[in-house]
Structures are given as C-alpha cells and as structure tokens.
Amino acid sequence: MSTRRYSAFALAREALRDHLGWQRAWAKASPKPRYDVIIVGAGGHGLATAYYLGKNFGIRNVAVLEKGWLGGGNTGRNTTIIRSNYLQDPSAAIYEKSRALYETLSQELNYNVMFSPRGVMMLAQTEHEVRGYKRTAHANSIQGVTTEFISPERVKELVPIIELKGPRYPVLGALWQARGGTARHDAVAWGYARACSDMGMDIIQNCEVTGIRSEGGQVTVVETSKGEIGCGKLGLVVAGHSGVLAQKAGFRLPIESLALQALVSEPIKPCMDVVVMANTVHGYMSQSDKGEMVIGGGTDAFNNYTQRGSFHHIEETVRALVETFPMISRLKMLRQWGGIVDMTGDRSPIISKTPVDGIFVNCGWGTGGFKAIPGSGWAMAELMAKGHSPLSAAFGMERFREGRFIDESVAAGVAH
Amino acid sequence: MLILTCPCCGVTADETELAGGGEAHVRRAGPGASESEVEDYLFMRENPRGPHFERWRHAYGCGKWFLAARDTATLEVFGTYPAQTTEPPEHIRAAITERHPGWRWRDFS
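Which chain is which? The protein sequence lines are A and B, in order.
Numbered continuously in my numbering, the first sequence closes out at residue 416.
Numbered continuously in my numbering, the second sequence closes out at residue 1109.
Simulated from the structure, these hints should not be mistaken for laboratory data.
A few of these clues could be false.
Negatives, chain B to chain A, calculated, CB over 12 Å [what the hints assert, rightly or not]: (1) T1012; (2) H1025; (3) P1089; (4) R1099; (5) P1101.
Stretches of chain B that chain A covers, calculated by requiring three or more beta carbons in the stretch to come under 8 Å of a beta carbon on chain A [what the hints assert, rightly or not]: (6) 1026 to 1035; (7) 1075 to 1088.
Heads up, the beta-carbon is just placed ideally off N, CA and C, and yes, glycines get one too.
Chain A with its partners taken away, still in its complex shape (with noise of 0.2 Å):
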C-alpha cells in the first residue's frame, strides 16, 4: 500500500518501513491531443487558477504546461511577503481574499506551505509616508483589512535591531500588519501541482508554446514544443513572457518586462522574526526558517529578459539596509538572482479576457505577485469557468483605454 495523504501517523508508518510507500508528488504527463483548459504558466499563479477550476468548477480535462520547470520563474526567485495593505478597494479585495486563503492553504491542500502570519511592517521614513500610510490604514479599516499605523517605540519593540535614528531616513512610525507574513514560495507551486495531478489534471514541463492559432476569433490550437494540442479555452498565466506570448495570440498587451533582483545572506541566529519593508531607501528584509536574511530592492529602469540586473541596485539596497539595521553591516552575502517581472501603467494586475475569444491573460503581477498566488487563481478561475468574476472586473485591461486606473504606485511602489 502506499502513501498518498500526507499526515504524522503517515510518517510514522513510512519511518517504519524505511520510507517505501511515498509517492510522486504529481504524476508525469504527455500531451493529449485535447484539453478543455489550457493554462500556460506552471507557476504559483497557473497552478492556482487550475486548482479552482477544478475545485470551484469541476472543471477537471485541465493542462498545465510549464516551458522549463514547475515552479522555476518567478515563484521561486520571489522574497515570500504575504500582506493585503493596498489603498484601492478592488486591490484590498483580491489582496485580502488571497492572504485569508494562505491561512489554511497547507490544511486545504494537505502539503505544508509554511504560511507564518509574522506581521509585516512598512516603515515611514518621510512626512509624506507617514500621512500616506495613514491614508492606507483608514482605507484598510473600512475595507476590513486588519493595519494599523504605529510609532516609532513600537517598531523598536517589535524589531530591537532597527535603526530608528537615521542617519539619511529616521523612522517616523510604520504600517503594520500583524496577519502578514511569509510562506515557503516552492511549497505554494509543489502543493498546488499536487492537488491539481490528484484532480487528473495533467502538468507538463518543458513543453514550450511556440504558437497560437485560432479560427474566426477563437482560440483553436495552442503549438508546443511538444506537438500541437487542442483546447476550448487558454489561460496565459506567464508573468513576464507574457507580451512575448500576446504576441503570438496576435495582440499587445499594456506591460513592459524588467528584472528584479533579491538575495540571502548567510545564515545566522534568529534576530527579526517579522517582515519589513523600508521603501524610501529601497529595501526590505525577513528572517527565513534557516536563518538567511532574505533581502530585495528595486527594478532595473530597462527592459530585459535575462533574470539578471544590474550590480548598483543591489548595491542601493544593501546600502539602505546597512544603514537601517546596522548589525547586517559584516553580513556575507551566499546568493543573488534575479527574476523577470511585468510591469502595468498603473502597477496593478491583469486579470482579463482578450481580443481573441476564449484566450484569457493573467498578468501584471509586477513585483508582487508571489502573496497574490491564491486569490488569483480563484478569480482567474472564476473569469474562465463563468466569463465574470467580481474579485477581477476592476482589473480587465480595458481599464487602460477606459481610464478607470487601480493605482498602487504609492502601496507597490518598490517593495514586496
């Protein structure tokens, strides 16, 4: 017999016959020649939005395919902040809606995504940040999203190693989110890719779409490098190759691709058990469960495709940090990478339908959309199966044409 469900009797009883019964996590597939869906994009997002068509929907003929490896894009290079402190209501919704979800994501999926609600702070470092924040904090209460603006006493209550005084930026208080937090960002996509093979779905990696054809203004035939496959509808849930893969469906997308950049450092005895963010001198931080510090800053200012950027941003963001907490000063640095995000006009997602029927796009995440992972899915899910979802009608791209922008610059503006 083996073991499927994963639980400590499982263990248990797996540690008693030298670990035999456990199975793949999700099944190998090959393409069939049809599907009803077709998600483009094994990432967090993708996996999501199949999961709840299966689960919301009963939509189960589901194929994932993924052009390298489950999980490797932006899922796997992001710094693993889950918070919901966003100004706009439709933000505040989806946001929200996906940071309730991570609550029991790992009892849902039964696969540990190690979702720690640590709290995450957003520090205020200029007058104008302290009253924009506050700003976001009344928002927050009347959106039902838990924030609150504290001083800066309480900062250093919460984290003894900040800096409060300067030198460039004093602390002036922060936006404080004690339901925030971190998950493990490949346990998202490994637990979601379980689930989904457990549906029947099948997930297909290094399967590469090489094109996009469709018949009177519906999408027919998705070409992969893994022969052609038919499908009645096409979700492109692929973060920064999305322009690349409008552009073979035939239309343009309103996004520009540039990379973002993260690092760890050495691991070292737990010294910050929360997450924060200082986004006036660019950089935030967190403790992960090994101790690393794990750091991100800034995008680059030029489009590019490569998943590497330039040195002087880390270079900015190591500068901030040091001076934020001055005991990171001597810290050795064990890793860099970069990941390729996908920029909106007005630094809010696609979550939309298209010019060619039945192609559905998922996009715009830019540099935030690792916290988004669940609520996405389920919207995403939700436009597919019934043509509507009202957690993503404020986020259809004719928002741009229309002018009815959802502006996050001041809440995404760097950090996330």
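Mind docking chain B on chain A? Use the hints.
Relative to chain A, chain B alone:
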C-alpha cells in the same frame, strides 16, 4: 552594467550616469484620435524579447536625449543614434539583421 555611448557628446557612460526613458519611436496620438489610438500611445508597448529600441537621457552628462538599440534577451547593444529620427537608421538595422537574420522593424504593430 549597461554601457552606452551618447551620440550627442560622444561620452561612453554606464547606466548610473544615464536615465532610461522607455520605448522609442512611439507615435503620439494627435487631435481627433480614437480612444484605442490614445491607449496604444500611452500604454501599449512592444516589450519584445529580442531587439528593442529605447529612449535614454545622458542625465549626469550632457543632459541630451538619445536613442539606443538593444537586445533584451542577451543585453547586447546594437548602437545608439540621435533622438531626432522617426525610425531606426540603416546601420542600426544592419547590425540587428546580422545577429537576427530575417528580423523586421515592428514585427507586429
């Protein structure tokens, strides 16, 4: 580190001396333009994976605007040229075609 040569003052500068200005050769929608033309002008971008034309300003140098042709997939620079042009000049196109045979200007606009 991206390094570009300013065609106005001739200085070769790295990106810390320059300021990016987004996609080049975007045509401004004039009076009487439709909503979708204005949308194209303001928001829609080529965002190609490959040869790309950009506006740059020599911000901490001569201060002038210029244009650059770059490959976003390899970070290779094909050359820079004056901002007072409405489409990429011949020598820039030739440099791109050498790397990408069959390449065409604005493949899908």
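Results for each hint:
no. : hint         : in the structure
1   : T1012        : 16 Å, holds
2   : H1025        : 14 Å, holds
3   : P1089        : 21 Å, holds
4   : R1099        : 15 Å, holds
5   : P1101        : 19 Å, holds
6   : 1026 to 1035 : violated (count 1)
7   : 1075 to 1088 : violated (count 1)
The structure fails to meet hints 6 and 7 from the earlier list, while all remaining hints are met.
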